[in-house]
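Using the sequences and the accompanying hints, generate a full structural model.
Its first residue numbered 1042, the sequence shown is counted upward by one per residue in our numbering.
Everything labelled a hint here was simulated from the structure, so no lab data went into it.
It is possible that some hints are incorrect.
Said to hold, decoys possible - Derived PhoX-like pairs: lysine-lysine, alpha-carbon spacing no greater than 20 Å straight-line:
(1) Lys1412 with Lys1373
(2) Lys1162 with Lys1215
(3) Lys1215 with Lys1412
(4) Lys1193 with Lys1129
(5) Lys1345 with Lys1159
(6) Lys1154 with Lys1346
(7) Lys1220 with Lys1346
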Amino acid sequence: MATYVRNLNAAINSRNGLQLAHLLAVNPDTNPTAPQTNALAVAAGITNQVWQPVVEAHVLACNDSSTPLERLQAHQAFLSELNRVSEKEDVWILPILYAASTHLRGIGRRALKEIQDKEAKTEILTQLESSSRVVNRTLTLCLNDRHPSLQKSKKWGTYFFVGELCKLYFLLRKRNMSKSVIKVVESMSRDLPPLASYPRSHTCTYSYYRGVLSLMDDDVEQAQNWLTQALNQCFYKSTDNQELILLHLIPVQFLMTNQVPSKAVWEKFPRLHTVYHQMLTALLRGDVLSFDKAVTQRRSLFVKKYLYLAVEKMRVFVFEKLFYRVFLAKDKATRITIDDYQAAAKLVGVDVSPDFLEATVSNMIYHDRLKGYISRERHTVVLRAEGAFPKLDHAA
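Okay, structure coming up:
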């Protein structure tokens, strides 16, 4: 214990954030130096009295293993103590705050995954809401840092903690809280370093959540911009993160450009191939039934990842392909009845009403997917003589 306390004092006095983050790691798997001993005894050995409550909370967090709820509470108390001392510290303390907030969220996420009892899970969710307020306090400390030197300011932690809060709020299914945090940061962006000057790991997470939130708001263009930015910022070896970004970017990219992933993408990300390939193949064939079956099989994933609206919007493209096939089968006739479209739908195993088909055609016309108009009296779609359908240039 004496060696551990001596190392703590050295790291605190020298303001060595990375070393102190290692010594104050609350995960015994990554920090075998953390003593399983009396918290007060360890804290008493810290020469800087301001840090004594931090060290005490750290040891309690390492020792407390009775219940997931108590572990979460202990880790939250540790971050709260770190926030307290961080008020008068500068950029050097960020590594410790990063580690503590990340581990706090990890404790909550694992608890939600492992606990089956409904009441116990509700307690964890309530505690996580409390934890999110503590992390929000950490973000506020970064945003409001008034250090005269920007290079020494805690403002460099801003986008990391925005990402941490978004992760927590998505765990809690409170997306509006994520939007509120982002609005606050945007309103203060003039007082922050340029986004591009932050670590890419921070901006990648930020861009990803901006993209997902844009997609949930049905702003497909902004979703494409942010998700593409996130993919470009993602570390090239972080294939899991790339896969998560592409899970959202693939439908967005199709909605914006009609492009589907290349063979190289499918080979690199076989799980994405499992999710999307059957669905996109059916879409390109105009096979409504197969498309619907593929979507139904993955419905729980699409709902969980906030993708269901985007996938549903892709359904109109399936009908566009089907209508185009009817157009070709009729030698590019400029007048095609709704009955013809209904018969084609039945041929591929889909029973839809004339009203639905008219609404689908109207939607296609509105979005410039089809050039023409509907003759209501004759229940006929009147197509333009040339260029009735947009040119669809899909990736191989």
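Against the structure, the hints:
1. With a C-alpha separation of about 13 Å, the suggested pairing of Lys1412 with Lys1373 holds against the 20 Å cut-off.
2. In summary, the hint linking Lys1162 to Lys1215 is supported, as the alpha carbons are separated by about 16 Å, within the 20 Å threshold.
3. The hinted pair formed by Lys1215 and Lys1412 fails the criterion: a straight-line CA distance of about 41 Å is larger than 20 Å.
4. For the suggested pair Lys1193 and Lys1129, the alpha carbons sit about 12 Å apart, so the restraint of at most 20 Å is met.
5. Between Lys1345 and Lys1159, the direct Cα distance comes to roughly 19 Å. Compliance with the 20 Å bound is thereby established for this hinted pair.
6. Taking the CA atoms of Lys1154 and Lys1346, the gap is near 16 Å; set against the 20 Å cutoff, the hint holds.
7. Proposed proximity of Lys1220 and Lys1346 is supported: the alpha carbons are some 17 Å apart, at most 20 Å.
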